[in-house]
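Trainee: As a plain string of letters, each chain reads:
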Amino acid sequence: MGFVRANRTGLAVALAVVVAAYVAYAVDGTLTSSLLGFAWSFAVPLVLAALVGVLGERSGVINIGIEGQMLGSAFVAFFAAALSGSMLLGALAGMGTGLLLGAFLAWTTVKWRMDQIIAGVVLNIVATGLTSFFYVQGFTLPQVMPSIEVPLLSSIPLFGPVFFTGGPFSLFAIVAVLVIWFGLFHTRWGLRTRAVGEHPHAADTAGVDVVRLRLLNVTLAGLLAGAAGAYLSMEASSTFERGFTAGRGFLALAIMIFGAWHPGKAMLAALFFGLMSGAAAQLQASRVVDIPEQFVNLLPYVLTLVVLAVAAGRVRPPAAAGEPFVKGDA
Amino acid sequence: MTERLLQLRGVTKHYGPVRANHDISLHVDRGEVVALLGENGAGKSTLVKQIFGLVTPDAGEIVVKGDTRPISGPSDAIARGIGMVHQHFQLVPVMTVTENIVLGHEPISGGRVDLPAARARVQELSDRYGLAVDPDAEIADLPVGTQQRVEILKALSRDVDLLILDEPTAVLTPQETDELLRVMRELAESGTSVVFITHKLREVLAAADRVYVLRGGQQVGEVATADVDEAGLAELMVGRSVVLRVEKDPAAPGEEVLAVEGLHVADDRGLPAVADLSLSVRAGEIVGLAGVEGNGQRELVEAIAGMRRPTGGRIHLRGDGTTQGGASGAVGEVDLTRARPDRARAAGVGHVPEDRERHGLVGSFSIADNLVLNRFTHRLFARRGVRNRAAIDDNATRLREQFDIRSAGIHTRAGALSGGNKQKIVVARELSARPRLLMAAQPTRGVDVGSIEFIHSQVVAARDAGAGVLLVSAELDEVLSLSDRVLVIHDGHIVAEVDPATIDRAEIGRLMAGGRRDAQALADEWGAGGEKQGPAH
Ligand SMILES: Nc1ncnc2c1ncn2[C@@H]1O[C@H](COP(=O)(O)OP(=O)(O)OP(=O)(O)O)[C@@H](O)[C@H]1O
Ligand SMILES: [Mg+2]
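Respectively, the protein sequence lines represent chains A and B. Number 329 marks the last residue of the first sequence (numbering that gives the first Met the number 0); no jumps. Number 536 marks the last residue of the second sequence (numbering that gives the first Met the number 0); no jumps.
The following block holds chain A by itself, in its conformation from the complex (with noise of 0.2 Å):
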């Protein structure tokens, strides 16, 4: 039972978690169920977006132009399915728009040498711009987002209406989630990605190609940024505005580090998040206590700079995150 093992605490704190629900959903199980659907609905986008993180910084590149490319990615998504009139159109135009930012960020900074930060910034603003720019009111989606049911998972009480029936995008997060964790810890792929995100010299020197891996992984991620975004103004809403991901991705970037890199962790500190923000907004709504909205809504932002301030010094990032490779330099 090594991954028992290995995974102790995480495990521990998921039960912890899961009992404290249940015995929640027996006191009072509509609350329960509507606190739990806000947090994981608060929380989809930026698992998506925490695991386009850790695949950059996992292989060496810091991506903190995720904000942008979620952004991008959600106004194609958008105005791609309201003129074709196809959800799946939206839907596979914005997932493309990230591959395409994912792309950007991992040609200018692996291949050219880039600053990754400038990089990452470049895409933050451009997006900004473009989206702002070319944003026009009035349109609408053809249709909602179909809600899929898993069959057997989704009857589980509690978790199953929460977590395994809902639109593609939440779904599609689960399983990211699942298949990256599997991945990097263990699979041919993921030793080399940890590899060459620690020491790509290392790496290099064992055969593995620095370059290409770093490509490769640093545009998957775009994928997942780009889900993201149609997420955002597909599922979760019907609708774009100028900065719809209102800090979303940095937000992200904090739930990377309080997650320790590791996805399954993520997941469990964005959930932490949207409970945080479920909870807060519930006192306000049934005015247990007189906040006004305005704090309700910085809570998030609280939250960060607090996770991270604890966060600090007791997590370590990849040793080689932010570092150009340039070969035979060892």
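Warning: the hint list may mix true and false statements.
Unchecked claim - Stretches of chain B that chain A covers, calculated by requiring three or more beta carbons in the stretch to come under 8 Å of a beta carbon on chain A:
(1) 90-97
(2) 108-118
As the list claims (entries may be wrong) - Here are some, though not all, of the chain B residues that point toward chain A, as calculated from beta-carbon distances under 7 Å:
(3) P73
(4) S74
(5) I77
(6) L102
(7) G103
(8) E105
It is worth saying that the hints were derived from the structure and are not from the lab. Cβ atoms here follow ideal geometry from the backbone N, Cα and C, with glycine treated the same way.
Go by the hints and put chain B with the ligands onto chain A.
Mentor: What follows is chain B with the ligands alone, placed relative to chain A:
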């Protein structure tokens, strides 16, 4: 007819004005151990990096088993049966021994990396070559000697025909070195060729069949080891005769410079590494610290240098303020027990750290800047917070000349220098500050014989000028020949003080083993080593 495994013809590699390799031709036959010998910066690493595909030659041909296609990269080199152990470790610190060894050729079953199979393979390799490693240990937790073994196993795990070893013994203890030389001979006998780079002539004579000598990027000589001795090799390398013994007058110790009393220091994991240790160093003497690596030497030195906070005890520096130090004229006694590195330096502590890459240099800074790292705020080099470039450059020009640092100029990036030249920068910087106390940890690690001679003479000169010197070295020869007084450290304690002129190697070996039950075995080994090495160096 032996098979020609490797043939180099006219291999040339220039870095700007630096002719790292120029028109080099040599060959390696199957089952041969060939040593590459040369001064620091002679181009040895550059040459083997080209054979391994890490560096592309400007001109010339590298033929592997008759195949003349250029080597496109490490994976291509590996595919052609070449393995390499690099001068700087190429291991991922946060991964296990097994993961590091199988990286790049992982066994797969059902889509996952088959770790049990990989572990079994590592264990099997470890047994076959008698190189003990724990397959599940994380690299970051291992001492350098063990990491070196992992590097070697990593290269051997690929079934190589040609194994390149770039200064593999620089960080090994004498026992570990002998073990490695044995493995090399075994490999050669089973048909694997070995290219071996070292600065230790004894090892060349013990393990190699033939030697190529490089100087200034060119191949200047080839000899069979059967036809030369250490002095002959040294002369071939440097181009003049080299004094392999340290020449110094008897010490004239003055007053106490360093007093360490009841010191306790913890290691990185928080375990006690130095326990209730006391020692004293006087002005004008060289005190050698002999011990098997990992017995608290590193922690002791780091505590005195202010890099590590002691958990108990006191460290005092005394002096009359006549030496320049970082602090002009600090007189009297300074308590360094909880001092930070800058205060220790200001008080007159010079420190040549054991790990030059991490604690000795800033690789992205120029040579000139690295040479004033310990004194960049000193009034010689800065005025009211503005650096005095002219003085910094003058200083660099002078030291580069004096210490024979081989580089294109004083504004070259220090990171681009060869290993031995980096070491010379650190030594030059520390000595030029004229410290009251000089702590030198492995001061000649990776340095060629000519430069060892020079560094030793400089350390002796510093002593004669009144500095107290604390020398830590894994080279027993170095400790015994350079020191005026030798302290034996074991398990964080000073267990004996001996006179280096009269002590015999067997005795000191026994002391270094600290009265353990295997002490006699270790003593025998040291005694044997002493005979093998002879009196020279
Ligand atoms: N990437 C580089 N850029 C510029 N100069 C370089 C580079 N690599 C090596 N050199 C220069 O080439 C010369 C040969 O270096 P090399 O590392 O091959 O020496 P070496 O024989 O291995 O020395 P040592 O015994 O000190 O390891 C040196 O003068 C070094 O400064
Ligand atoms: Mg070298």
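Trainee: Each of the hints needs a verdict: does it hold here or not?
Mentor: Results of checking the hints against the structure:
As drawn, the segment 90-97 of chain B meets chain A at 5 residues by the rule of a beta-carbon pair under 8 Å; at three or more, the given contact holds. Using a Cβ-Cβ cut-off of 8 Å, 3 residues of the segment 108-118 of chain B lie near chain A, which meets the minimum of three, so the contact claim holds. Given the 7 Å rule on beta carbons, the hint for B:P73 holds: about 5 Å separates it from the nearest Cβ of chain A. The criterion of a C-beta within 7 Å of any C-beta in chain A is met by B:S74, whose closest approach is roughly 4 Å, and the hint holds.
Proximity of B:I77 to chain A holds as hinted, the smallest CB-CB distance being about 5 Å (cut-off 7 Å). Interface hint status for B:L102: upheld, as the beta-carbon distance to the closest one in chain A is roughly 5 Å, under 7 Å. At about 4 Å, the closest approach between the beta carbon of B:G103 and any beta carbon in chain A falls short of 7 Å, and the interface hint on this residue holds. Here the hint on B:E105 is kept, as its CB sits about 5 Å from the closest CB of chain A, short of 7 Å.
Hint compliance for this structure: every hint is met.
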